[in-house]
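In the order they appear, the protein sequences are chains A and B.
Take 4 as the starting number for the first sequence in my numbering and just add one per residue.
Take 12 as the starting number for the second sequence in my numbering and just add one per residue.
Everything labelled a hint here was simulated from the structure, so no lab data went into it.
Quantities reported herein were computed from a predicted structural model and do not represent experimental measurements.
Be careful, since some hints might not be right.
Said to hold, decoys possible - Heads up, simulated EDC-like pairs for lysine to aspartate or glutamate below, C-alpha to C-alpha not over 16 Å straight-line:
1. A/Lys220 / A/Glu199
2. B/Lys244 / A/Asp178
3. B/Lys253 / A/Glu233
4. B/Lys244 / B/Glu254
5. B/Lys253 / A/Asp113
6. B/Lys244 / A/Glu233
7. B/Lys43 / B/Asp135
Said to hold, decoys possible - Looking from chain A toward chain B, a few residues come up when the C-beta cut is under 7 Å (computed):
8. Thr34
9. Pro47
10. Ala60
11. Ala123
12. Arg184
13. Ser196
14. Ser197
15. Glu199
16. Ser203
17. Glu313
18. Ile314
We put the beta carbon where it would ideally sit given N, CA and C, even for glycine.
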Amino acid sequence: MSIRRRVALSVVGFGSLALVAMVSAPLVGSTSISLRRAFDWSQPFDGNVDAQIFFVARLPRTLAGALVGAALATAGVIFQGLLRNPLATPFTLGVSSGAALGAMLAITFDWAISFAGISAVPAAAFVGAAVAVAIVYALASARHRGLSTDVLLLAGVTLNAFFSALILCVQYFADFADSYRTLRWLMGDLDVSSYEPILSAVPLVVVAFAAFAWLAKPLNLLSMGSDSAETRGLSVVRAQRGAFLSASLATGAAVSVGGPVGFIGIIVPHLVRLLVGSDHRVVLPASALFGAAFLVGCDVLARTLIAPVEIPVGVITALIGGPFFLWLLVRKH
Amino acid sequence: MVTSKKTLIVASFALFAILPSRLMPEIAAQSKPSRIISVIPAVTEMLFAIGAGPQVVGVGSFDEYPPEARKLPRVGALLDPDLERILSLRPDLVIVYESQTDFRRQLERASVPTFVYKHAGLPDVTQTITALGSRIGRASEAASVVRTIEAKLEDIRTRVQGRPRPNALVVFGRDALALRGIYASGGVGFLNDMLEAAGGSNVFTDVAKQSVQATTELILARRPDVIIELRPKPIGAEDLKKEIGVWQALSGVPAVRTGRIVILSDQRTVVPGPRVAEGTELIARALHPEVFAK
Chain A
4 MSIRRRVALS
14 VVGFGSLALV
24 AMVSAPLVGS
34 TSISLRRAFD
44 WSQPFDGNVD
54 AQIFFVARLP
64 RTLAGALVGA
74 ALATAGVIFQ
84 GLLRNPLATP
94 FTLGVSSGAA
104 LGAMLAITFD
114 WAISFAGISA
124 VPAAAFVGAA
134 VAVAIVYALA
144 SARHRGLSTD
154 VLLLAGVTLN
164 AFFSALILCV
174 QYFADFADSY
184 RTLRWLMGDL
194 DVSSYEPILS
204 AVPLVVVAFA
214 AFAWLAKPLN
224 LLSMGSDSAE
234 TRGLSVVRAQ
244 RGAFLSASLA
254 TGAAVSVGGP
264 VGFIGIIVPH
274 LVRLLVGSDH
284 RVVLPASALF
294 GAAFLVGCDV
304 LARTLIAPVE
314 IPVGVITALI
324 GGPFFLWLLV
334 RKH
Chain B
12 MVTSKKTLIV
22 ASFALFAILP
32 SRLMPEIAAQ
42 SKPSRIISVI
52 PAVTEMLFAI
62 GAGPQVVGVG
72 SFDEYPPEAR
82 KLPRVGALLD
92 PDLERILSLR
102 PDLVIVYESQ
112 TDFRRQLERA
122 SVPTFVYKHA
132 GLPDVTQTIT
142 ALGSRIGRAS
152 EAASVVRTIE
162 AKLEDIRTRV
172 QGRPRPNALV
182 VFGRDALALR
192 GIYASGGVGF
202 LNDMLEAAGG
212 SNVFTDVAKQ
222 SVQATTELIL
232 ARRPDVIIEL
242 RPKPIGAEDL
252 KKEIGVWQAL
262 SGVPAVRTGR
272 IVILSDQRTV
282 VPGPRVAEGT
292 ELIARALHPE
302 VFAK
């Protein structure tokens, strides 16, 4: 089968899955609403609670889930390809702990800033992610002509531990209600309640995805080892830099919208590879679509299973992802 | 005769010395404590309210009231009591929250008497004050503080009696300038009890938890008539306006349409101590402004 056909086939398959998830997710929730009323344009929107639940609560949430799921799943694919390590996740290189530290500071010190619809917590999370990426990048390129993936990995893991210590430190000085909220932030939450957070993350994710499209072929070459990739005419350093920065951008944008939702970046890529093989030209679009469908589905469970009490979406992805990942480990060996 | 008296004194000291050490705290417990430590804001307030302020030698990191309490050494809080500092202050009574089991065990090992309490709902506040009063020998002062609280609560209840009880959402945590990370009082706990006493009806009365994550959908679906936000930290007039404006995104909520969003930045509404009735009145004023107009 030609590569075009394989791409088309997987996009149609996973795309319809994502479509089904995204169309059906806004139909369910912790309350039952009348769809006829929700779409009754003759009523003023201000007084139409059904329409508000649909358009202010559920639709942004579904879109946020799709965006975060797609970004984290593809970032996972890129990091696994870049580090040539199947255990890599979007959070391996410190992006999420940087973001978490930013969010913690914003919550604990009650930073009341907002511009263009972005409030302090997501903004601080994004800045924190950028700081972490800059540190890891500077370390990994400091003593090498290119980018050392070993240093990248070690610096990332160490930075994760260091930032986690800072997070605990900040949390220790926070008062009770704040430390509860910071802890909850770490479990992921897609209840964005407006479109602004999504609209501001979309351009970042689009830039990252454009880079991913360019990276598909280089990552295929890299999977054979950087020396043989170089002999085939690939500028390894450029590909590595592009992969690291674009995947970090996607992760930072996703985490600032939905918090560090775990396991998406590892189970989605692996599941997709099981189904479509390991060619990045197929794996990347398929992971984006399946990641979107998976997170939207998990969020439906999060808000309906024991409604009106909400289960953090990161708890759902971890409950599904943990056992699945262990199964994957046992199956491979 | 003289010798026998001396012998008696020595013997009584000896008897005291050979008593099993685990009985010691109980003996100490009978005496009136003169060096008390409290690490929870609500209890520190209670101690000062019943006139035991001069006996308090150490307070918690978050204790802000009364102003005299701020001058005392700070010895940690609910989650991080500083045992070393506490012992160095030579307390003869430490007030311990029920969940501080390790802390309590450490104190018992050091033969420091403890007073254990817990507050789940509003009635626990007056019960704790009464128990604390009799424990430290200030039962009559405690009784008078309890009477004041109960009279005030009763006055509020009478004032709001027979009036429509607005459905209220009581928020105690939210991200700054966004409708995210919203936590509200569920159907149990002292915030819920204060709301009910203030003549309101909790929109989350069916959720048997102290805190509920109030998602956008839940807030829209529960349609609160009034939104009351409780903040322990003070807020400026400009920020107050902005924070109230954030709610405009949910114009389907009656409270937003009618502009009944109240932000109370007052310790009295979040500390379940002796000022709890005053906090309840602040909530009642937000719910029934017409009753408290004068």
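Here is how each hint holds up against the structure:
For the proposed pair A/Lys220 and A/Glu199, the alpha carbon gap of about 34 Å is over 16 Å, so the pair is violated. In summary, the hint linking B/Lys244 to A/Asp178 is supported, as the alpha carbons are separated by about 11 Å, within the 16 Å threshold. Restraint check for B/Lys253 and A/Glu233: not satisfied, since their Cα atoms lie roughly 56 Å apart, outside the 16 Å limit. Using a Cα cut-off of 16 Å, the hinted pair B/Lys244 and B/Glu254 holds, with the two alpha carbons roughly 14 Å apart.
Note on B/Lys253 and A/Asp113: the hinted pairing holds, with a Cα-Cα distance of about 14 Å set against a maximum of 16 Å. Proposed proximity of B/Lys244 and A/Glu233 is contradicted: the alpha carbons are some 59 Å apart, above 16 Å. Among the hinted pairs, B/Lys43 with B/Asp135 is inconsistent with the structure: their alpha-carbon atoms are about 23 Å apart, more than 16 Å. With 7 Å as the threshold, the beta carbon of A/Thr34 comes within range of chain B, its nearest partner Cβ sitting at about 4 Å, so the hint holds.
Look at A/Pro47: its Cβ only gets to about 9 Å from chain B, farther than 7 Å, so that hint breaks. The beta carbon of A/Ala60 comes within 4 Å of a beta carbon in chain B, closer than 7 Å, and the hint placing it at the interface holds. Proximity of A/Ala123 to chain B holds as hinted, the smallest CB-CB distance being about 5 Å (cut-off 7 Å). Contact between A/Arg184 and chain B, as hinted, is supported at the beta carbon level, the nearest pair being about 5 Å apart and thus within 7 Å.
With its C-beta approaching chain B no nearer than about 4 Å, A/Ser196 sits inside the 7 Å limit, and its interface hint holds. The interface hint given for A/Ser197 is met, as the beta carbon of that residue sits about 6 Å from the closest beta carbon of chain B, less than 7 Å. With its C-beta approaching chain B no nearer than about 9 Å, A/Glu199 sits outside the 7 Å limit, and its interface hint is violated. Hint on A/Ser203 is violated. Least Cβ distance to chain B is approximately 12 Å, over the 7 Å limit.
Restraint check, A/Glu313 versus chain B: the minimum CB separation of about 5 Å is within 7 Å; hint holds. Restraint check, A/Ile314 versus chain B: the minimum CB separation of about 10 Å is more than 7 Å; hint violated.
Checked against the numbered hints listed earlier, the structure breaks hints 1, 3, 6, 7, 9, 15, 16, 18; every other hint is satisfied.
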